[in-house]
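Top to bottom, those sequences are chains A and B.
First residue of the first sequence? That's 116 in the numbering used here, and the numbers climb one at a time after it.
First residue of the second sequence? That's 116 in the numbering used here, and the numbers climb one at a time after it.
One should not assume that every hint holds.
[Unchecked claim] Okay, derived cross-link-like pairs now, EDC-like style, lysine to aspartate or glutamate, Cα gap no bigger than 16 Å in a straight line:
| id | chain 1 | residue 1 | chain 2 | residue 2 |
| --- | --- | --- | --- | --- |
| 1 | A | 164 | B | 274 |
| 2 | B | 138 | A | 295 |
| 3 | A | 138 | B | 300 |
| 4 | B | 313 | B | 250 |
| 5 | B | 138 | A | 300 |
| 6 | A | 313 | A | 274 |
| 7 | A | 138 | A | 127 |
| 8 | A | 164 | B | 127 |
| 9 | A | 164 | B | 123 |
| 10 | A | 138 | B | 295 |
| 11 | B | 164 | B | 188 |
| 12 | B | 164 | A | 160 |
| 13 | B | 313 | B | 254 |
| 14 | A | 138 | A | 123 |
| 15 | B | 164 | A | 123 |
| 16 | B | 164 | A | 295 |
| 17 | B | 313 | B | 266 |
| 18 | A | 164 | A | 180 |
| 19 | B | 138 | B | 127 |
[To be verified] What follows is a set of in silico ranges between Cβ atoms, one per label pair, in the way DEER data are often shown:
| id | chain 1 | residue 1 | chain 2 | residue 2 | range |
| --- | --- | --- | --- | --- | --- |
| 20 | A | 215 | B | 267 | 53 to 63 Å |
| 21 | A | 248 | B | 164 | 26 to 36 Å |
| 22 | B | 293 | A | 138 | 15 to 25 Å |
| 23 | B | 167 | A | 170 | 26 to 36 Å |
| 24 | B | 164 | A | 195 | 44 to 54 Å |
| 25 | A | 188 | B | 173 | 50 to 60 Å |
| 26 | B | 310 | A | 263 | 55 to 65 Å |
| 27 | B | 167 | A | 180 | 19 to 29 Å |
| 28 | A | 180 | B | 190 | 22 to 32 Å |
| 29 | B | 180 | A | 153 | 15 to 25 Å |
| 30 | A | 249 | B | 150 | 28 to 38 Å |
FYI, nobody ran anything at the bench for these hints, they're computed from the structure.
Using N, Cα and C, we set each Cβ at its ideal position, and we do this for glycine too.
2 protein chains.
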Amino acid sequence: MRTSPLLEQLMDALRCLPGVGPKSAQRMAFSLLQRNRQGGLQLADVLGKAMTEIGHCRDCRTFTEEDVCAICDNPRRLENGQICVVESPADIMAVEATGQFSGRYFVLMGHLSPLDGIGPSDIGLDVLEYRLQNEPIAELILATNPTVEGEATAHFIAELCQAYQVPATRIAHGVPVGGELELVDGTTLSHSLAGRQKLY
Amino acid sequence: MRTSPLLEQLMDALRCLPGVGPKSAQRMAFSLLQRNRQGGLQLADVLGKAMTEIGHCRDCRTFTEEDVCAICDNPRRLENGQICVVESPADIMAVEATGQFSGRYFVLMGHLSPLDGIGPSDIGLDVLEYRLQNEPIAELILATNPTVEGEATAHFIAELCQAYQVPATRIAHGVPVGGELELVDGTTLSHSLAGRQKLY
Ligand SMILES: [Zn+2]
Ligand SMILES: [Zn+2]
Chain A
116 MRTSPLLEQL
126 MDALRCLPGV
136 GPKSAQRMAF
146 SLLQRNRQGG
156 LQLADVLGKA
166 MTEIGHCRDC
176 RTFTEEDVCA
186 ICDNPRRLEN
196 GQICVVESPA
206 DIMAVEATGQ
216 FSGRYFVLMG
226 HLSPLDGIGP
236 SDIGLDVLEY
246 RLQNEPIAEL
256 ILATNPTVEG
266 EATAHFIAEL
276 CQAYQVPATR
286 IAHGVPVGGE
296 LELVDGTTLS
306 HSLAGRQKLY
Chain B
116 MRTSPLLEQL
126 MDALRCLPGV
136 GPKSAQRMAF
146 SLLQRNRQGG
156 LQLADVLGKA
166 MTEIGHCRDC
176 RTFTEEDVCA
186 ICDNPRRLEN
196 GQICVVESPA
206 DIMAVEATGQ
216 FSGRYFVLMG
226 HLSPLDGIGP
236 SDIGLDVLEY
246 RLQNEPIAEL
256 ILATNPTVEG
266 EATAHFIAEL
276 CQAYQVPATR
286 IAHGVPVGGE
296 LELVDGTTLS
306 HSLAGRQKLY
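Produce the entire structure from the sequences given, and follow the hints as far as they go.
Below, the structure written as structure tokens:
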């Protein structure tokens, strides 16, 4: 729009959001300018802070602005000695929403993908190995996605568990094969947790 | 997500964008944090600036960070004496994209809607009336949306034109009745401009 270079910049910048094309970027920019400048300013402020301050939990690797996240820092989540391994922070939210799990998490932030050059240390398996070696872990629940890569990653971690004599389980295939964990409904995910199978 | 209050704030703040619910807000936040923090910082910066600095053109009311927008400020757009009246800045972009119009614009930023308490001065008709009175205007092209409110607004403005002896035309109904101007394809909009009818 020749009338405002700044508005053009805003529409361009909004396209860094997933699923936002030129038409929705325009609708978003106009909507904020016309009806919600306070909301826009608030978003600008929080977004800047979040991009700068949010890092990864030292223990579980999930997103947090603290050194250690609130779940890892909670002594009651340590009691049952369970650690649930997931691919992404969104999966933590999905598992938490079932109310069926009271242990801690470990977030891979991805999965093994040799063709893309993503190896064990890229998904934090060095950190996880250190924990397997040094912490009393009663059970490692492998809740990676039921995809080819997720399965391969789960089996790789199961072998790591075997090396350190830590019991490893895989969540049951109540979740649809080929799907994504964070899109599964709570009931299915509960069944899936309850029916987990011992791998080692 | 109990692990990061700042992340929760970010997901809340993203919902000020039209069409963004809890699931897409979460996907957006994770995507920026995991893959594009630079893009997120850039968006925060541009968004803050845009919300603060973008105002309305003194002459045509469209969005601009200048006092007068680049179209109103261009002497060549003054030559044919035409002013195209549209409901929103998005409509300017749609008309510009046809390449069929070289005059100036006037943006109502809405339409008359007595039931919602939106009267003539809320859509800048006092400013427009001042221009009708004081500028040599060859033709006012009424390009409000082909909706009930858009038609009513066009007829109200046509009466204003009659009072000041300024020729007013209405774009042809090549555009689908009940639709929104900014969603119409360029060819249809070109036909619609070419087939405009004299109202007074
Ligand atoms: Zn943690
Ligand atoms: Zn202007």
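Hints, verified against the model:
The suggested pairing of residue 164/A with residue 274/B is violated, with an alpha-carbon distance near 52 Å, which exceeds 16 Å. In summary, the hint linking residue 138/B to residue 295/A is supported, as the alpha carbons are separated by about 14 Å, within the 16 Å threshold. With a C-alpha separation of about 13 Å, the suggested pairing of residue 138/A with residue 300/B holds against the 16 Å cut-off. Proposed proximity of residue 313/B and residue 250/B is contradicted: the alpha carbons are some 20 Å apart, above 16 Å.
For the hint pairing residue 138/B with residue 300/A, the CA-to-CA distance comes to about 13 Å; that is within 16 Å, so the pair holds. At roughly 13 Å between alpha-carbon atoms, residue 313/A and residue 274/A fall within 16 Å of each other, so this suggested pair holds. The hinted pair formed by residue 138/A and residue 127/A meets the criterion: a straight-line CA distance of about 11 Å does not exceed 16 Å. Between residue 164/A and residue 127/B, the direct Cα distance comes to roughly 14 Å. Compliance with the 16 Å bound is thereby established for this hinted pair.
Between residue 164/A and residue 123/B, the direct Cα distance comes to roughly 12 Å. Compliance with the 16 Å bound is thereby established for this hinted pair. In summary, the hint linking residue 138/A to residue 295/B is supported, as the alpha carbons are separated by about 14 Å, within the 16 Å threshold. A threshold of 16 Å between alpha carbons decides the hint, and for residue 164/B with residue 188/B the separation of about 23 Å lies outside it, so the pair is violated. Taken as a hint, the residue 164/B and residue 160/A pair is honoured in the structure, with Cα atoms around 11 Å apart against an allowance of 16 Å.
Taken as a hint, the residue 313/B and residue 254/B pair is honoured in the structure, with Cα atoms around 10 Å apart against an allowance of 16 Å. Among the hinted pairs, residue 138/A with residue 123/A is consistent with the structure: their alpha-carbon atoms are about 12 Å apart, no more than 16 Å. As the CA atoms of residue 164/B and residue 123/A are separated by approximately 12 Å, the hinted pair is consistent with the 16 Å bound. A hinted pair counts as satisfied when its Cα atoms are at most 16 Å apart, and residue 164/B with residue 295/A does not qualify at roughly 37 Å.
Our distance criterion of 16 Å between C-alpha atoms is met by residue 313/B and residue 266/B, whose separation comes to about 14 Å. Of the supplied pair hints, the one linking residue 164/A and residue 180/A holds, its CA atoms being roughly 10 Å apart against a limit of 16 Å. At most 16 Å may separate the alpha-carbon atoms for a hinted pair to count; residue 138/B and residue 127/B meet this at roughly 11 Å. Distance hint check: the CB atoms of residue 215/A and residue 267/B are about 58 Å apart, consistent with the given range 53 to 63 Å.
Between residue 248/A and residue 164/B the C-beta distance comes to about 50 Å, which lies outside the given range of 26 to 36 Å. A hinted range of 15 to 25 Å holds for the C-beta pair residue 293/B and residue 138/A, which are about 20 Å apart. One distance hint, 26 to 36 Å for the beta-carbon pair residue 167/B and residue 170/A, holds here, with the actual separation near 29 Å. For residue 164/B paired with residue 195/A, a C-beta distance near 50 Å keeps the hint of 44 to 54 Å intact.
Checked against the hint of 50 to 60 Å, the pair residue 188/A and residue 173/B passes, with Cβ atoms roughly 56 Å apart. Evaluation of the 55 to 65 Å hint for residue 310/B and residue 263/A yields a pass: the beta carbon distance comes to about 58 Å. Restraint check, residue 167/B to residue 180/A: a C-beta distance of roughly 26 Å satisfies the suggested window 19 to 29 Å. In this structure, residue 180/A and residue 190/B break the distance hint of 22 to 32 Å, their C-beta atoms being roughly 53 Å apart.
The given range of 15 to 25 Å is respected by residue 180/B and residue 153/A, whose C-beta atoms sit roughly 19 Å from each other. Distance hint check: the CB atoms of residue 249/A and residue 150/B are about 31 Å apart, consistent with the given range 28 to 38 Å.
In summary, the structure is inconsistent with hints 1, 4, 11, 16, 21 and 28 from the numbered list given earlier, while agreeing with the others.
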